[in-house]
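Peer 1: From first to last, the protein sequence lines are chains Y and P. 1 is the number of the first residue of the first sequence in our numbering; add one for each residue after it. 1 is the number of the first residue of the second sequence in our numbering; add one for each residue after it.
Be careful, since some hints might not be right.
As the list claims (entries may be wrong) - In silico contact screen, one side only, chain P against chain Y (beta carbon under 7 Å); selected entries:
1) Pro152
2) Gly171
3) Ser189
4) Tyr193
5) Arg251
Stated by the list, open to error - Which residues of chain Y face chain P? A partial, calculated answer using Cβ under 7 Å:
6) Met1
7) Ala234
8) Gln238
For the record, the hints were derived by calculation from the structure and aren't laboratory data. Think of the CB as a built atom: it goes at the ideal place given N, C-alpha and C, for glycine as much as any other residue.
Protein chains: 2
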Amino acid sequence: MRIAVVAPSCTLKPEAAERVRAIVAQRADCELLFHPQCFLSHGHFAGPDEARLAALREVMADPSIDAVWFARGGYGSNRIAGAALADLPDPARAKIYMGYSDAGFLLAGLHKTGLDVAWGPMPQDVLRTGGEAAVERALDWFARRDPAALEPALQQPAMAFNLTVLSNLLGTTLEPDFADVDLLIEDVSEQLYRIDRTMFHVAASPNVRRVARIRLGRVSDIIANDPEFALDEAAIVQEWCDRSGIAYGGRADIGHDAANRVVPFGARSC
Amino acid sequence: MRIAVVAPSCTLKPEAAERVRAIVAQRADCELLFHPQCFLSHGHFAGPDEARLAALREVMADPSIDAVWFARGGYGSNRIAGAALADLPDPARAKIYMGYSDAGFLLAGLHKTGLDVAWGPMPQDVLRTGGEAAVERALDWFARRDPAALEPALQQPAMAFNLTVLSNLLGTTLEPDFADVDLLIEDVSEQLYRIDRTMFHVAASPNVRRVARIRLGRVSDIIANDPEFALDEAAIVQEWCDRSGIAYGGRADIGHDAANRVVPFGARSC
Numbered sequence: 001m002r003i004a005v006v007a008p009s010c011t012l013k014p015e016a017a018e019r020v021r022a023i024v025a026q027r028a029d030c031e032l033l034f035h036p037q038c039f040l041s042h043g044h045f046a047g048p049d050e051a052r053l054a055a056l057r058e059v060m061a062d063p064s065i066d067a068v069w070f071a072r073g074g075y076g077s078n079r080i081a082g083a084a085l086a087d088l089p090d091p092a093r094a095k096i097y098m099g100y101s102d103a104g105f106l107l108a109g110l111h112k113t114g115l116d117v118a119w120g121p122m123p124q125d126v127l128r129t130g131g132e133a134a135v136e137r138a139l140d141w142f143a144r145r146d147p148a149a150l151e152p153a154l155q156q157p158a159m160a161f162n163l164t165v166l167s168n169l170l171g172t173t174l175e176p177d178f179a180d181v182d183l184l185i186e187d188v189s190e191q192l193y194r195i196d197r198t199m200f201h202v203a204a205s206p207n208v209r210r211v212a213r214i215r216l217g218r219v220s221d222i223i224a225n226d227p228e229f230a231l232d233e234a235a236i237v238q239e240w241c242d243r244s245g246i247a248y249g250g251r252a253d254i255g256h257d258a259a260n261r262v263v264p265f266g267a268r269s270c
Numbered sequence: 001m002r003i004a005v006v007a008p009s010c011t012l013k014p015e016a017a018e019r020v021r022a023i024v025a026q027r028a029d030c031e032l033l034f035h036p037q038c039f040l041s042h043g044h045f046a047g048p049d050e051a052r053l054a055a056l057r058e059v060m061a062d063p064s065i066d067a068v069w070f071a072r073g074g075y076g077s078n079r080i081a082g083a084a085l086a087d088l089p090d091p092a093r094a095k096i097y098m099g100y101s102d103a104g105f106l107l108a109g110l111h112k113t114g115l116d117v118a119w120g121p122m123p124q125d126v127l128r129t130g131g132e133a134a135v136e137r138a139l140d141w142f143a144r145r146d147p148a149a150l151e152p153a154l155q156q157p158a159m160a161f162n163l164t165v166l167s168n169l170l171g172t173t174l175e176p177d178f179a180d181v182d183l184l185i186e187d188v189s190e191q192l193y194r195i196d197r198t199m200f201h202v203a204a205s206p207n208v209r210r211v212a213r214i215r216l217g218r219v220s221d222i223i224a225n226d227p228e229f230a231l232d233e234a235a236i237v238q239e240w241c242d243r244s245g246i247a248y249g250g251r252a253d254i255g256h257d258a259a260n261r262v263v264p265f266g267a268r269s270c
């Protein structure tokens, strides 16, 4: 299993790459290639749009690569997602793509285009407390589709998104078909009023209303609301599901943390 | 001109009401009624949804009221906007509604329903530096449609929205028809990466792509981006307009500040 790492959003920290390399060196089931683009820096991004797109297109087209692993989130993959999906070379269809957070823009578009994608931990997660376990979990799933890596209550087909990313891809060319999907959402570093506003937006979508159910992962690092918001995150999500005729399926084991599990999109990747 | 003030979002500060009352007392052309609901508090909101909705419905239905003025922004008008628009009593159609920021959810829905609305300063703006001028400007427009209050380069039909509010109302029942509209946007207290992400979302909308042009008001109190973002707010908006085939019309004289001008929606209100 040859895994290429590219950074369509923000720059990967070199110390994260080193620690992930050390983990992979202890395993016999995978080989990791960090594309030099991971370490570029251009303002907010891991290099200009052109460089991030070229690196992604390069590994997508490489028939020797079995998997593309997005280095980290942040922001920026939406700026290149449309171009990344154009005129796909055949080798792009023979691999699996994994990431989460801002990489959700790419996961959505790649899945919509018929490629195999999964929500799951990324290399930069190694810097989190307990992050080695997250990286091992991702590699276990890459290398041998270890069911222990999966979110434990998945119903197929499933998808997972950062709620704010999901909100921002609705109505764009990246928006996938949500019919009958077990839709897992999570968020990080938002005020609760924003979670409420974003749920208003997402739950209004006729496409989203076709999901089998919505389940809520962790909403972490909530920014203080002054005054305190009237509802917590679970009550917010449940209320907008109720208002919109969407089944609320309770909590899910995903989030911006080391415990984040793998959610393969669709039915084909399990 | 009898103007009723209600607070569909957050609680109005009593000192703002006092200062606006003092301004109105010096004028002979209008009378102001602060609904007691303005001063309710329920978590983030100026009272529970039911209380905010009831106050709004009450003043909408009152034939003695000529104008409804939203007290302030914050967050929450979207939670009651749908219900506010249902089964409208006739007197609701014989008045003008004004506000901005979070009140944009209501402006959009009311305009879509055929009512007269305008973007413009609100009572709580009196607490800003120079805020008395903003309140006088709003009253000049309410009482005598003073053209000096208007954004100076408007082409009809026009609309104005907080960019983040606009993004969150796309795809909801509140979304108005943007065909041939001079669309003014502004934002406050966001990081530039969020402005970029929101423009990606907004500019992807086929409805938004039908505007005559987009003009950019002030983007104030920008939250620091670490590292610095690669583009400023004007370059961001221009780029997404260019990518989406939308004409970019330059800057506009609106924003979360005392200089904020009035933008009547549609052609009928000028």
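Peer 1: Evaluate each hint against the coordinates.
Peer 2: Going down the list of hints, with the structure as the test:
1. Pro152: violated, 31 Å
2. Gly171: Since chain Y brings a Cβ to about 5 Å from P/Gly171, closer than 7 Å, the hint holds.
3. Ser189: violated, 11 Å
4. Tyr193: holds, 4 Å
5. Arg251: Nearest chain Y Cβ about 22 Å off; hint violated.
6. Met1: Y/Met1 check fails; min Cβ-Cβ to chain P is 33 Å, beyond 7 Å.
7. Ala234: Given a least distance of 15 Å, the restraint on Y/Ala234 is violated.
8. Gln238: violated, 14 Å
In summary, the numbered hints that this structure violates are 1, 3, 5, 6, 7, 8.
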